[in-house]
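Engineer: Residue-level listing of the chains:
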Amino acid sequence: MSSVAPMEVRAEESSASSPPVNRMTIALLSLVGVFISTYLLLHKLGVVGTLVCGTGSCDTVQASPWAVFLGVPVPAWGVAGYGLLLGVSLAGLRPGLWGNRRLGLVLVVLGAGAFGFSAYLTGIEAFVIRAWCRWCVASAVIATLIFISTLFELIRPGRR
Amino acid sequence: MAAQKSPGAGSSLRTFYIVLAVVAVGGLAALGYAVLGGGGEAATEPVELEGVASARQLYELAKPEVLGDPSTPVKIVEFGDFQCPGCRSFAMQIKPVLKERFVDTGKAHFVYYDFPLMEIHPHAFLAARAARCAADQGRYWDYHDLVFARQSMWSYSRTAPIGTFTEYAKELGLDSGAFESCLKSDAHADVVTANRRLGEELRIAATPTLIVNNRRVDALSLNAIVEAIEASLREGDA
Numbered sequence: 001m002s003s004v005a006p007m008e009v010r011a012e013e014s015s016a017s018s019p020p021v022n023r024m025t026i027a028l029l030s031l032v033g034v035f036i037s038t039y040l041l042l043h044k045l046g047v048v049g050t051l052v053c054g055t056g057s058c059d060t061v062q063a064s065p066w067a068v069f070l071g072v073p074v075p076a077w078g079v080a081g082y083g084l085l086l087g088v089s090l091a092g093l094r095p096g097l098w099g100n101r102r103l104g105l106v107l108v109v110l111g112a113g114a115f116g117f118s119a120y121l122t123g124i125e126a127f128v129i130r131a132w133c134r135w136c137v138a139s140a141v142i143a144t145l146i147f148i149s150t151l152f153e154l155i156r157p158g159r160r
Numbered sequence: 001m002a003a004q005k006s007p008g009a010g011s012s013l014r015t016f017y018i019v020l021a022v023v024a025v026g027g028l029a030a031l032g033y034a035v036l037g038g039g040g041e042a043a044t045e046p047v048e049l050e051g052v053a054s055a056r057q058l059y060e061l062a063k064p065e066v067l068g069d070p071s072t073p074v075k076i077v078e079f080g081d082f083q084c085p086g087c088r089s090f091a092m093q094i095k096p097v098l099k100e101r102f103v104d105t106g107k108a109h110f111v112y113y114d115f116p117l118m119e120i121h122p123h124a125f126l127a128a129r130a131a132r133c134a135a136d137q138g139r140y141w142d143y144h145d146l147v148f149a150r151q152s153m154w155s156y157s158r159t160a161p162i163g164t165f166t167e168y169a170k171e172l173g174l175d176s177g178a179f180e181s182c183l184k185s186d187a188h189a190d191v192v193t194a195n196r197r198l199g200e201e202l203r204i205a206a207t208p209t210l211i212v213n214n215r216r217v218d219a220l221s222l223n224a225i226v227e228a229i230e231a232s233l234r235e236g237d238a
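Just so you know, the sequences run in chain order A and B.
Quick note: the first sequence uses the working numbering, first residue 1, plus one each step.
Quick note: the second sequence uses the working numbering, first residue 1, plus one each step.
Calculated directly from the structure, the hints in this document are not laboratory data.
Even glycine gets a Cβ: it sits at the ideal position worked out from N, Cα and C.
The reader is advised that the hints may include incorrect statements.
[Unchecked claim] Reference excerpt, derived from the structure (chain B facing chain A, CB under 10 angstroms, subset only): (1) 10; (2) 12; (3) 13; (4) 16; (5) 20; (6) 24; (7) 27; (8) 28; (9) 49; (10) 141; (11) 157; (12) 158; (13) 159; (14) 233.
Given the sequences, and given the hints that come with them, work out the whole structure.
Structural biologist: Structural data, given as structure tokens:
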């Protein structure tokens, strides 16, 4: 249940006069993240035979025990996480919600989670598996950029 | 009090949605390509051998890889499978000893025939082809050793580990483009198939199977192999 008074909510929601660019950025990056995660998930499920990897050891990383987290393939976590970020950021671009602080905080929390999880996976690649998957690195870069973009939710003026 | 929308707000949102739609369409197209046709056409299992009607023809098509001088008196033949853990043990622990004691000293040569057990090792055929793609660039034995050394890294892959095998080729300094083209084709599939069928003709039932001058030996017993080689050398002297 919300403890915020209706008048206060209306004031929050209407305080911005233009769509937040950082949410557009988050939405675009999340969409790319959804596609990368889906690609890796399809490979994990055996639908895509060979990963287009260029340099790197995608098969090695994907076949390792760390490609599954809590019984669920890591790419499936990616699809869910990026999908959630995409949905929340698009919701935050609806004209009445441009200045909504709670949506902004949800984005910050999701962004931090994505960044933390990516950092963990990148550490596993670097120090445990000692092999790199280009797509995983690309996902980590996207998660980092998303997290940076979410931080603008905290510093944008006129939010209260 | 509600703030006024800035004049460009609608336009920037429209531009954003257009870009989002373009990214979505591009992403879906890329995924569709990956699912329907992006995987290459690598031969991953035995092929039909056209025109091979007799054991003689099969023997001619089958082609082992040889380590050492073929004119040496003792011939050590292995029928092996790159995905077989026993073959890995042989390749990592026993073969180097044999090489140092008998091959490098000009007493014996080592002959390797592929015998991929596709029923239990789905990537064995591809691995055998990969090694032969490396042989095209003169590095069969280096690749053979690397694939065995890293067996646990690719063996459990749910899909054909073409990327991993290509990465190994790069690691050895091979022309990775040529290697990948070779692997993503049916190159050497006939030879690997012929090697396997030759093994079947010889009633090979398991890997590694080792034959020292026509005498089968327990491939995982260094003592038994050394005794067989030394016996063959003595027979040659007699």
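Engineer: Give a verdict on every hint.
Structural biologist: Hint check results:
1. 10: holds (9 angstroms)
2. 12: Holds, because the Cβ-Cβ distance from residue 12 of chain B to chain A comes to roughly 6 angstroms (cut-off 10 angstroms).
3. 13: holds (5 angstroms)
4. 16: holds (5 angstroms)
5. 20: Interface hint status for residue 20 of chain B: holds (6 angstroms vs cutoff 10 angstroms).
6. 24: holds (6 angstroms)
7. 27: Result: holds, 4 angstroms to nearest chain A Cβ.
8. 28: Holds - the Cβ of residue 28 of chain B comes within 10 angstroms of chain A, reaching about 8 angstroms at its closest.
9. 49: violated (25 angstroms)
10. 141: Since chain A brings no Cβ nearer than about 22 angstroms to residue 141 of chain B, farther than 10 angstroms, the hint is violated.
11. 157: holds (4 angstroms)
12. 158: It holds, given that the least Cβ distance between residue 158 of chain B and chain A is near 5 angstroms, below 10 angstroms.
13. 159: holds (5 angstroms)
14. 233: Not OK, violated: residue 233 of chain B not within 10 angstroms of chain A, min 42 angstroms.
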